[in-house]
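Asks: Sequence:
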Amino acid sequence: MVKVCMVRGPGTNCDMETGFAFKLAGAEVRDVHIFRLRENPSILRDYQILVFPGGFTYGDYLGAGTVFSFEIRKFLYDEVKNFIEKGGLVLGICNGFQILVRSGLIPGWEERAITLGFNRQGRFVDRWVELEVVNEETPFLRGIETLRVPIAHAEGRLSVRDEDVRRRLWDGKHVALVYKENPNGSVDDIAGLVDTTGRVLGLMPHPERNIFFHHTERGGEGIKVFENAVRFFL
Numbered sequence: 007m008v009k010v011c012m013v014r015g016p017g018t019n020c021d022m023e024t025g026f027a028f029k030l031a032g033a034e035v036r037d038v039h040i041f042r043l044r045e046n047p048s049i050l051r052d053y054q055i056l057v058f059p060g061g062f063t064y065g066d067y068l069g070a071g072t073v074f075s076f077e078i079r080k081f082l083y084d085e086v087k088n089f090i091e092k093g094g095l096v097l098g099i100c101n102g103f104q105i106l107v108r109s110g111l112i113p114g115w116e117e118r119a120i121t122l123g124f125n126r127q128g129r130f131v132d133r134w135v136e137l138e139v140v141n142e143e144t145p146f147l148r149g150i151e152t153l154r155v156p157i158a159h160a161e162g163r164l165s166v167r168d169e170d171v172r173r174r175l176w177d178g179k180h181v182a183l184v185y186k187e188n189p190n191g192s193v194d195d196i197a198g199l200v201d202t203t204g205r206v207l208g209l210m211p212h213p214e215r216n217i218f219f220h221h222t223e224r225g226g227e228g229i230k231v232f233e234n235a236v237r238f239f240l
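Numbers given in my numbering equal positions in the sequence shown, counted from 1, plus 6.
Note that these hints are calculated values from the structure, not bench results.
Glycine included, every Cβ here is placed at the ideal spot set by N, Cα and C.
Mixed in with the good hints there might be a few duds.
Simulated crosslink set (BS3-like; lysine-lysine; CA at most 30 Å straight-line) [stated by the list, open to error]:
1) Lys92 <-> Lys80
2) Lys179 <-> Lys230
3) Lys87 <-> Lys29
4) Lys186 <-> Lys92
5) Lys92 <-> Lys29
6) Lys186 <-> Lys9
7) Lys29 <-> Lys9
8) Lys9 <-> Lys87
9) Lys80 <-> Lys230
Label pairs and their in silico Cβ distance ranges [to be verified]:
10) Glu223 <-> Met22: 35 to 41 Å
11) Thr152 <-> Pro16: 33 to 39 Å
12) Asn46 <-> Val193: 37 to 43 Å
13) Arg224 <-> Gly69: 29 to 35 Å
14) Arg174 <-> Glu23: 42 to 48 Å
15) Asn46 <-> Asn19: 22 to 28 Å
16) Gly93 <-> Phe218: 39 to 45 Å
17) Gly69 <-> Gly32: 18 to 24 Å
18) Val193 <-> Glu91: 26 to 32 Å
19) Arg118 <-> Lys179: 16 to 22 Å
20) Asp194 <-> Gly69: 18 to 24 Å
Work out the full structure: start from the sequences and follow the hints.
Replies: See below:
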């Protein structure tokens, strides 16, 4: 059975529904606290999928995902990079995306040239959005053209350092998902990015919140993301 390591920390609050989505897709999920992973990073070697779920880790102090990403860079970066190089998948949802960006795992460049900041409105935004898949090469999104999923964030606006960085994201096929109607001011309507391998996906919207038919008029679309990840190893 495909094994998922779901990493949580102080302030994580979407771990139960994210874990449930992976279980529904056929995976075995283990909830691992960041403190335990820091003590023994080699735990990752027992898994095929690494997940950073949504929430407000460490209260979003110093910026959403900042403290958690520092822990990754200082204690876990080499182990996570090795996990990716050996073929593992990594998924970051909402706060998990912020963590992946601030740790440098997305887009995986040597320099820090992108960030996720406060929404254009300057406040928390909670609504349903329509997403278009623009990179089906990542295992998570194969066979998916559009997704209807909710967002719930205050710091989801993707910004880039300059025009060269913006072009590099597109030319390098890092852009995976875009909003059909931009809800937060993200550059080029970007909702999700992948790293240089395509096996690390981060997105601000919550696919785990649309896995059943009754969740919305297009209910159940989000489960495809989790099924694709599990199927990748079968």
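Asks: Look at each hint and say if it fits the structure.
Replies: So, going through the hints one by one against the coordinates:
1. Restraint check for Lys92 and Lys80: the C-alpha separation of about 21 Å stays at or below 30 Å, so the hint holds.
2. Between Lys179 and Lys230, the direct Cα distance comes to roughly 21 Å. Compliance with the 30 Å bound is thereby established for this hinted pair.
3. At roughly 25 Å between alpha-carbon atoms, Lys87 and Lys29 fall within 30 Å of each other, so this suggested pair holds.
4. The straight-line distance between the Cα atoms of Lys186 and Lys92 is roughly 34 Å, outside the 30 Å bound, and the hint therefore fails.
5. Of the pairs offered as hints, the one joining Lys92 and Lys29 holds, with about 23 Å between alpha carbons and a cut-off of 30 Å not exceeded.
6. Of the pairs offered as hints, the one joining Lys186 and Lys9 is violated, with about 33 Å between alpha carbons and a cut-off of 30 Å exceeded.
7. A hinted pair counts as satisfied when its Cα atoms are at most 30 Å apart, and Lys29 with Lys9 qualifies at roughly 10 Å.
8. A distance of roughly 18 Å separates the Cα atoms of Lys9 and Lys87; the hinted pair therefore holds under the 30 Å criterion.
9. Restraint check for Lys80 and Lys230: not satisfied, since their Cα atoms lie roughly 33 Å apart, outside the 30 Å limit.
10. Between Glu223 and Met22 the CB atoms are about 25 Å apart, so this pair departs from the stated range of 35 to 41 Å.
11. Checked against the given bound of 33 to 39 Å, the beta carbons of Thr152 and Pro16, roughly 35 Å apart, stay inside it.
12. Take Asn46 and Val193: their Cβ atoms lie about 38 Å apart, and the range 37 to 43 Å holds.
13. With their beta carbons about 33 Å apart, Arg224 and Gly69 fall inside the hinted range of 29 to 35 Å.
14. The hinted window of 42 to 48 Å between Arg174 and Glu23 is violated, with their beta carbons roughly 34 Å apart.
15. The hint said 22 to 28 Å for the Cβ distance between Asn46 and Asn19, and at roughly 25 Å that hint holds.
16. Roughly 31 Å separates the CB atoms of Gly93 and Phe218, a value that falls outside the hinted 39 to 45 Å.
17. Between Gly69 and Gly32 the Cβ separation comes to about 36 Å, which falls outside the hinted range of 18 to 24 Å.
18. Checked against the hint of 26 to 32 Å, the pair Val193 and Glu91 passes, with Cβ atoms roughly 29 Å apart.
19. Range check, Arg118 to Lys179: about 20 Å between beta-carbon atoms, so the 16 to 22 Å window is met.
20. Judged by the Cβ atoms, the range 18 to 24 Å given for Asp194 and Gly69 holds: they are separated by roughly 22 Å.
Consistency with the previously given hints fails for numbers 4, 6, 9, 10, 14, 16 and 17, ordered from lowest to highest.
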